[in-house]
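K.L.:
Take the sequences, apply the hints, and build the full model.
What follows is each chain in one-letter form.
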Amino acid sequence: MAAQAERSTSPDPEVGLRAVARLRRLAEQLEADQVAAARRAGWTWQDIALRLGVTKQTVHRKYRHREGRQ
Amino acid sequence: MFQGDEPAVGMVFRRAVGSARRLGHPRVGVEHLLVGLAGGDDMLVTVLARHGVTCDVLEDTARAAAPLGAGAAADAESLALIGVDLDRLLQSGEPCSLDRLVERQPLFRLGSGAARRRCASWDPPLGLDAQGVYEASLRLALARDERRHRPEHLAMVLVSLDPAAGWVLTRLGTDRRGLLQDLARTFPSPERSSMLRVARSLLRSTRQRDLVRRYQRTTGRPPIGPADLASFVAA
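Those protein sequences? They're chains A and B, same order as listed. For the first sequence, counting from 1, position 48 maps to 48 in the numbering used here; every step adds exactly one. For the second sequence, counting from 1, position 112 maps to 112 in the numbering used here; every step adds exactly one.
Hints in this document: simulated from the structure, not taken from any laboratory. All residues carry an ideal CB built from backbone N, CA and C; glycine is no exception. Hints may be right or wrong, so weigh each one.
[Claimed, not checked] Covered, in the sense of this in silico footprint (three residues per stretch, anywhere, with C-beta under 8 Å from a C-beta of chain A), are these stretches of chain B:
{"#": "1", "segment": "17 to 26"}
{"#": "2", "segment": "73 to 83"}
[What the hints assert, rightly or not] No more than 20 Å apart at the CA atoms, straight line, and that leaves these computed lysine to any residue pairs for SDA-like:
{"#": "3", "chain 1": "A", "residue 1": "LYS62", "chain 2": "A", "residue 2": "ARG40"}
{"#": "4", "chain 1": "A", "residue 1": "LYS62", "chain 2": "B", "residue 2": "GLY113"}
{"#": "5", "chain 1": "A", "residue 1": "LYS62", "chain 2": "B", "residue 2": "ARG150"}
{"#": "6", "chain 1": "A", "residue 1": "LYS62", "chain 2": "A", "residue 2": "LEU52"}
{"#": "7", "chain 1": "A", "residue 1": "LYS62", "chain 2": "B", "residue 2": "LEU101"}
{"#": "8", "chain 1": "A", "residue 1": "LYS62", "chain 2": "B", "residue 2": "ALA234"}
{"#": "9", "chain 1": "A", "residue 1": "LYS56", "chain 2": "A", "residue 2": "ALA21"}
{"#": "10", "chain 1": "A", "residue 1": "LYS62", "chain 2": "A", "residue 2": "ARG24"}
{"#": "11", "chain 1": "A", "residue 1": "LYS56", "chain 2": "A", "residue 2": "VAL20"}
{"#": "12", "chain 1": "A", "residue 1": "LYS62", "chain 2": "A", "residue 2": "VAL15"}
{"#": "13", "chain 1": "A", "residue 1": "LYS62", "chain 2": "B", "residue 2": "ASP41"}
{"#": "14", "chain 1": "A", "residue 1": "LYS62", "chain 2": "A", "residue 2": "TRP45"}
{"#": "15", "chain 1": "A", "residue 1": "LYS62", "chain 2": "A", "residue 2": "ARG51"}
{"#": "16", "chain 1": "A", "residue 1": "LYS56", "chain 2": "A", "residue 2": "VAL15"}
{"#": "17", "chain 1": "A", "residue 1": "LYS62", "chain 2": "A", "residue 2": "TRP43"}
[To be verified] Have a look at the derived ranges for each label pair, beta carbon to beta carbon:
{"#": "18", "chain 1": "B", "residue 1": "ARG21", "chain 2": "A", "residue 2": "LEU30", "range": "44 to 52 Å"}
{"#": "19", "chain 1": "A", "residue 1": "LEU30", "chain 2": "B", "residue 2": "ARG185", "range": "41 to 49 Å"}
{"#": "20", "chain 1": "B", "residue 1": "LEU202", "chain 2": "A", "residue 2": "ARG24", "range": "28 to 36 Å"}
P.N.:
Okay, here's the thing in structure tokens:
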């Protein structure tokens, strides 16, 4: 655990913060891909929201505009 | 009045698409845009060649960055420093999943959605990194009070903001700062009337902030040297 913490902290805050900003965006893209895959597989917004730990309204508001664009 | 793109800008994109097709790459990224810029016949080519940025070496670098492109290669290097393996992270993803905007388009779109769809319909599609560079370059031309958008504006944005171009230049052993200064010296902001100079000076920081914010929103990548843009917009 300590080794992981050591690895994930860059000595240069400039480098570390830029990497974290990019990682946050990548995580959003991965989440969007997984939600789209779940919807294609017939999952309901409620099922998806439960797995993501958010409300159904949140996930619906965030991803409904992508329906039909996949 | 601003008159939009010079035909040379279209030629840069045509050469970039041609390069991606020739190399068999699935997308047109920043590395191909650099090939497009270096393959022209203007003053910019001379400046780039002075710093060792030529078509041949750029295509070799583009080959090394395939298939996800120089942007993903730059991401992989940066994320490795905090212990994240990008290749493993993207294993389940599709090759071009990095080229999809996650955020909703603004309600009042002014054609941005249609422009994105048009870029995605190119063969091969134009990557989000290249789209972000084009947008920022147009804004830079406006901030400089230029009449036309020209290839050197694309080069200025690539060298000052784009991490993928930074990755390519590092691989080529090019001094990014030296190239930046050479570009600023060779292509100074145009002389304008005192009224326009005052307006340019007053709006300079707002325009630069806006340019950087939109670039980051489109590409999802933090810019490498946002402050470097100031050297291209004279006070």
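K.L.:
All the hints need checking, so say for each whether the structure fits it.
P.N.:
Against the structure, the hints:
no.: 1; hint: 17 to 26; result: violated (count 0)
no.: 2; hint: 73 to 83; result: holds (count 6)
no.: 3; hint: LYS62/A to ARG40/A; result: 16 Å, holds
no.: 4; hint: LYS62/A to GLY113/B; result: 17 Å, holds
no.: 5; hint: LYS62/A to ARG150/B; result: 38 Å, violated
no.: 6; hint: LYS62/A to LEU52/A; result: 12 Å, holds
no.: 7; hint: LYS62/A to LEU101/B; result: 13 Å, holds
no.: 8; hint: LYS62/A to ALA234/B; result: 41 Å, violated
no.: 9; hint: LYS56/A to ALA21/A; result: 26 Å, violated
no.: 10; hint: LYS62/A to ARG24/A; result: 16 Å, holds
no.: 11; hint: LYS56/A to VAL20/A; result: 27 Å, violated
no.: 12; hint: LYS62/A to VAL15/A; result: 30 Å, violated
no.: 13; hint: LYS62/A to ASP41/B; result: 47 Å, violated
no.: 14; hint: LYS62/A to TRP45/A; result: 11 Å, holds
no.: 15; hint: LYS62/A to ARG51/A; result: 15 Å, holds
no.: 16; hint: LYS56/A to VAL15/A; result: 36 Å, violated
no.: 17; hint: LYS62/A to TRP43/A; result: 16 Å, holds
no.: 18; hint: ARG21/B to LEU30/A: 44 to 52 Å; result: 29 Å, violated
no.: 19; hint: LEU30/A to ARG185/B: 41 to 49 Å; result: 43 Å, holds
no.: 20; hint: LEU202/B to ARG24/A: 28 to 36 Å; result: 34 Å, holds
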